[in-house]
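J.: Spelled out, the chains give:
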Amino acid sequence: MGRIDIFNQIASELGYGFDGEIKVGGNYTPLLRHDGYIYISGQIPRVGDAVVVQGVVGSDVQLKEAQKAAQVCVMRALALTDRAVGLDKVKAVLRISVFVQSAQGFTQQSEVADAASDVLYRVFGDAGVHTRTSVGVYQLPKNAPVEIDFIFATL
Amino acid sequence: MGRIDIFNQIASELGYGFDGEIKVGGNYTPLLRHDGYIYISGQIPRVGDAVVVQGVVGSDVQLKEAQKAAQVCVMRALALTDRAVGLDKVKAVLRISVFVQSAQGFTQQSEVADAASDVLYRVFGDAGVHTRTSVGVYQLPKNAPVEIDFIFATL
Amino acid sequence: MGRIDIFNQIASELGYGFDGEIKVGGNYTPLLRHDGYIYISGQIPRVGDAVVVQGVVGSDVQLKEAQKAAQVCVMRALALTDRAVGLDKVKAVLRISVFVQSAQGFTQQSEVADAASDVLYRVFGDAGVHTRTSVGVYQLPKNAPVEIDFIFATL
Chain S
0 MGRIDIFNQI ASELGYGFDG EIKVGGNYTP LLRHDGYIYI SGQIPRVGDA VVVQGVVGSD
60 VQLKEAQKAA QVCVMRALAL TDRAVGLDKV KAVLRISVFV QSAQGFTQQS EVADAASDVL
120 YRVFGDAGVH TRTSVGVYQL PKNAPVEIDF IFATL
Chain B
0 MGRIDIFNQI ASELGYGFDG EIKVGGNYTP LLRHDGYIYI SGQIPRVGDA VVVQGVVGSD
60 VQLKEAQKAA QVCVMRALAL TDRAVGLDKV KAVLRISVFV QSAQGFTQQS EVADAASDVL
120 YRVFGDAGVH TRTSVGVYQL PKNAPVEIDF IFATL
Chain P
0 MGRIDIFNQI ASELGYGFDG EIKVGGNYTP LLRHDGYIYI SGQIPRVGDA VVVQGVVGSD
60 VQLKEAQKAA QVCVMRALAL TDRAVGLDKV KAVLRISVFV QSAQGFTQQS EVADAASDVL
120 YRVFGDAGVH TRTSVGVYQL PKNAPVEIDF IFATL
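Taken in order, these protein sequences are the chains called S, B and P.
Quick note, the first sequence lines up with residues 0 to 154 if you use numbering that gives the first Met the number 0.
Quick note, the second sequence lines up with residues 0 to 154 if you use numbering that gives the first Met the number 0.
Quick note, the third sequence lines up with residues 0 to 154 if you use numbering that gives the first Met the number 0.
Check before you lean on any hint, since a few could be wrong.
Copies of one chain are not kept apart here, so a pair can be met inside one copy or by any two copies together.
Stated by the list, open to error - Capping the alpha-carbon separation at 27 Å, the derived lysine-lysine pairs in DSS-like fashion look like this:
no.: 1; residue 1: K22; residue 2: K90
no.: 2; residue 1: K63; residue 2: K141
no.: 3; residue 1: K63; residue 2: K88
no.: 4; residue 1: K141; residue 2: K88
In short, the hints are calculated from the structure, not lab data.
Use the sequences and the hints to build the structure in full.
T.: The structure is reproduced here in structure tokens:
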């Protein structure tokens, strides 16, 4: 299976479509290519106009839902990348930063991030093995449980 | 108008001057050039010796003040860049990370970051359209309401 | 003294050895080389299987202990780098991001980060002078007091 087939399979498992417009407000862009690199803005689990999971992880939001939210963030980044250059042009995933909106005492940020890492590995194989930083933050935009940004290298 | 003229105009609108020394303590540097890139350390809204806005956004600090603080952070980064290479050498703004010291329940981190994005767009035009990550953190150094770091590409 | 000698001296001052396996769970890697750059995943103060300092800085954990924890994070990154390419191949430390698990009202994130910066400067000299972002976050994985990630440039 090609990368796009795996992408579509994961979309189907999650139960969401990622072919709608990916909106941003403000004078910035969700994706920027420069000199062999792709930078992707922090993605929250938004599908269309809706943030599909909202709340604080460890109180309102359980680990499993937070993991699903993390996967939606990755799928948005992959959808953006596919439109900009095609998934086949990704040579390496250099770094992801995973910000988890965390309840006091919630320390499983790595477990949330693992779900994001799994999607990258399923789609890209060895080229999807990346470096990662996971932290627990106090608040995220739109009460999102997770926000993830990305740096890819392109062929 | 050239970039430096727009920079000066924004400084005048904000009511601050950015031609003083930009101090750092510790064994690090506010700006580092490497191989076509400029990395800028996390900037807080300090002018001279004073952090000009302090407090938690959403309780002590209102959105408008936080937006002004975000603009001061960007102006510091631009002042550093102007001294190091000149604003005209900036080819692209690749990424900014915006950390907002947030009260519980404050979810307008993106709106704070929009004010930063606006300054970059005013000064650089299309070259100022960047990727961005905005998160709400619990505490920032010196009780700053906002901290922003930057990666630029140079000509 | 060579870099590795200084590294060993700091290890001895800290009272820890860094020659054990550096484990990660999940589909990611602690270190990734790409095209003249080394990206290092967020490091917590783990030695072997134990996180050697745990807790919230400013309440459970005092500044001095947090500074030591920050130094252990850096030493882990240096140990990883030494195995991958050798410390002598590091040309520049481009950026570190320092996340401090902070108590309400704790604003000395920069002072924690200074301890990390000092290790980089001791080992690399001028090549260790980096850009830095320090923020206070609400929770870190495994209740770590500090997490630090890194971007190095290689010769």
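J.: Can you name, in rising order, the numbers of the hints this structure does not satisfy?
T.: 3, 4
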